[in-house]
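Assemble chain B onto chain A, guided by the hints.
Line by line, the protein sequences give chains A and B.
Start counting the first sequence at 1; every next residue gets the next number (the UniProt record's numbering).
Start counting the second sequence at 1; every next residue gets the next number (the UniProt record's numbering).
Hints may contain errors.
[Claimed, not checked] Okay, the calculated bits of chain A under chain B, using three or more residues with CB under 8 angstroms as the criterion: (1) 2-13; (2) 16-24; (3) 36-48; (4) 107-118; (5) 188-195; (6) 220-229; (7) 302-313.
Derived from the structure by calculation, the hints contain no laboratory data.
Cβ atoms here follow ideal geometry from the backbone N, Cα and C, with glycine treated the same way.
Protein chains: 2
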Amino acid sequence: MGLPTVAMVGGGQLARMTHQAAIALGQTLRVLAASPDDPAAAVSADVVIGSHDSLDDLRRAAQGAVALTFDHEGVPPEHLHALVAEGVSVLPPPDALIHAQDKLVMRHRLSELGLPVPRFVDLSGADDPGEVLVGFVESCADGVVIKAIRGGYDGRGVWLPDSLDEALDVLADATASGTPVMAEERVPWRRELSAMVARSAFGQGATWPVVETVQRDGQCAVAIAPAPGLSDERAEEAEHIALQIAQTLGVVGVMAVEMFETDDGALSINELAMRPHNSGHWTMDGAVTSQFEQHLRAVLDYPLGATRALAPVTVMANVLGASETPAMSMDERVHHLMARMPDAHVHLYAKGERRARKIGHVNIVGGPDEDVATVRERAERAATWLSTGVWTDGWDPHAATDVPDPART
Amino acid sequence: MGLPTVAMVGGGQLARMTHQAAIALGQTLRVLAASPDDPAAAVSADVVIGSHDSLDDLRRAAQGAVALTFDHEGVPPEHLHALVAEGVSVLPPPDALIHAQDKLVMRHRLSELGLPVPRFVDLSGADDPGEVLVGFVESCADGVVIKAIRGGYDGRGVWLPDSLDEALDVLADATASGTPVMAEERVPWRRELSAMVARSAFGQGATWPVVETVQRDGQCAVAIAPAPGLSDERAEEAEHIALQIAQTLGVVGVMAVEMFETDDGALSINELAMRPHNSGHWTMDGAVTSQFEQHLRAVLDYPLGATRALAPVTVMANVLGASETPAMSMDERVHHLMARMPDAHVHLYAKGERRARKIGHVNIVGGPDEDVATVRERAERAATWLSTGVWTDGWDPHAATDVPDPART
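Looking at chain A on its own, in the form it has when it is part of the complex:
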């Protein structure tokens, strides 16, 4: 049929779900996976086994593909520039992707654009980073966040020191391990938002409704679409920020712009992800076009799909590996969930159930008469059940869950 092959670096759940979208469009998604057991490799006929750190493996994956894109950002930028020089269509382009790979580059660029970001300092290049940190901490009324400039995700590479001494300890540990870090002012916020946007190679942009995300232990746990009670004005501002970043940086594909809604009702940009993102999983069942199909459309320079929500509220809750493997098998847990919630959309990634590992998610698309709290409670109950094998009948969205802290590195 002459329909295109897209190569994706990484064989995780994002590639797995992109493969589902590629199947619908008659396309081929080739994945570069570390192992044939990776979530995407296990379900795809076109798999290149190799490493995202190897230029040769990246070349093999890109061979004959219309575009090379990403399931994660952890690919050496120098390899991507080499591929571009060889004529590979790397999307998003390396000069855009660097803003999702390097937090310092991102902060500098977004500040220059006048976009709302917290104050920050680079601790990686200073002669005396301790002195810089002391001065910065003293200037921040609400404390600081220290972040690894590269390589962090899902709470890894992010530290929230509660005192100057703790901050200096984090810096000393980072220096000892050779991890370049930066510090940012902590922003007092009331909640976290994510604005998902897609931009095609041609330059068409499209945003989904802005969602509220709930993080637990540094990981996205829940996404509520659209963000409840967000004013039209603030939602529009968030969408415009996402579109402006996509346009200005030359992003091609989907991008999540994670933001804080601050205590005084303003927006503050936290992170960028230039790939399908956990905060967009709700689109698989809750929007006309899913983020996975949209990512393919964008990198293939197809016109983008409609992003309208299908229901007044859709809630996504992550299924995480529990601290103790449940006595009941996942198959049995799925069975019981389906009996209790025949409308739950279950998405499992075929990953081993390691503690706090993302192994799936559940989408609940609210019925016409369901309010946000009801839909959210159902989604969280479903995900907690699949995670732990325990029905949380006295479920409290503000309580700690059994699904605990990932190790922070």
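Okay, now just chain B, sitting in the frame of chain A:
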């Protein structure tokens, strides 16, 4: 994770779309395909290359799978009985499946159950089938249909003789080619309906809204969900018929019951299909649970998913290979369609574009203010465009299309 493997006989588009559903549930769909280029084999990591006519190949496919099920019914019943004797869970069971394989067995059984079927005669066992046919034709005011008892699909194996002489010619040809045939009374009908039902191994049943199907040249061209203007009473009757057949025959999986709505407003059962069916493709985008996920749930004895429609109307239109291959590539056609209809759900099967061959479908889920005619027109335009590369601006649902008669055998 211990999630199950289901084996499916056949590597066509139904297996391809079932694979998409299996990916979501963390499962593995193994396909028995004739070629690695078959629609499902091209996108799956677990493929057995072989023939549905070979017991050994069927055994290889079933090895280690929780259940063996079907993308088409053309599997020798004796092989299925042998597999059952060896302990394979064949679903639907061979004793149910035979009613979708053998039209004479089906007609006898449904008549015995008192269900609405046309009068029929067996022409395969009579000493003088010509004499039987003459007598039958004389008793049928509206003419007869002659059908191959086994192996027909998409209009193949179905003849509509316009006179007694033509009927005798069909019989003579069938006799000469060794094709056992039967004759049925033609039922004057106003439209065709399909009632899709699922039944789990445990015996849970669920129906989707009854759809209207439009056949062209013996093939399903369009499905409108729900069937416009169908009275609640008639819809309920159709759903009850489907549930009764599923329960009585011991069907496990999904089943389409194709019916005529007769000129006097009654129902008359035409065909059974015990697998995901073209008339259920709309459920992929238009219902809470798709027929493909539901089929997996049923054969795995999971509780069934909700079957509610997501919109007041969803229309599915098939993309057929055109008589002349369009100058514009399919990739370009998809591009233009997406520009014109950003909400069109495109499903392509990665099959070569042979004349009248089903190579994909488009679902249009109607917006809240769209009427049936508008949604149908959009779906048909989209499918005709993908088929032919021609926008039918003066589109007329009752006119002949450029997509013409499949050869009838």
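Given as covered by chain B, does the region 220-229 of chain A meet the bar of three residues or more with CB within less than 8 angstroms?
Answer violated; 0 residues pass the 8 angstroms Cβ test.
Tell me whether the statement that chain B covers the region 2-13 of chain A is true, taking a Cβ distance below 8 angstroms and needing three residues at minimum.
holds (count 3)
* Count the residues of the region 36-48 of chain A with a beta-carbon closer than 8 angstroms to any beta-carbon of chain B: does the count reach three? -> holds (count 7)
Worksheet item: In terms of beta carbon proximity below 8 angstroms, does the region 188-195 of chain A have 3 or more residues touching chain B?
Response: Violated, because only 0 residues of the region 188-195 of chain A bring their Cβ atoms closer than 8 angstroms to Cβ atoms of chain B.
Coverage criterion applied to the region 302-313 of chain A (partner chain B; beta-carbon cut 8 angstroms; 3 residues): Holds, because 7 residues of the region 302-313 of chain A bring their Cβ atoms closer than 8 angstroms to Cβ atoms of chain B.
Notebook entry, point to check: Mind checking, does the region 107-118 of chain A have 3 or more residues with a CB under 8 angstroms from chain B?
Noted result: violated (count 0)
Legend entry - Three-residue Cβ test at 8 angstroms for the coverage of the region 16-24 of chain A by chain B: holds (count 7)
Hint violations for this structure: numbers 4, 5 and 6, all remaining hints satisfied.
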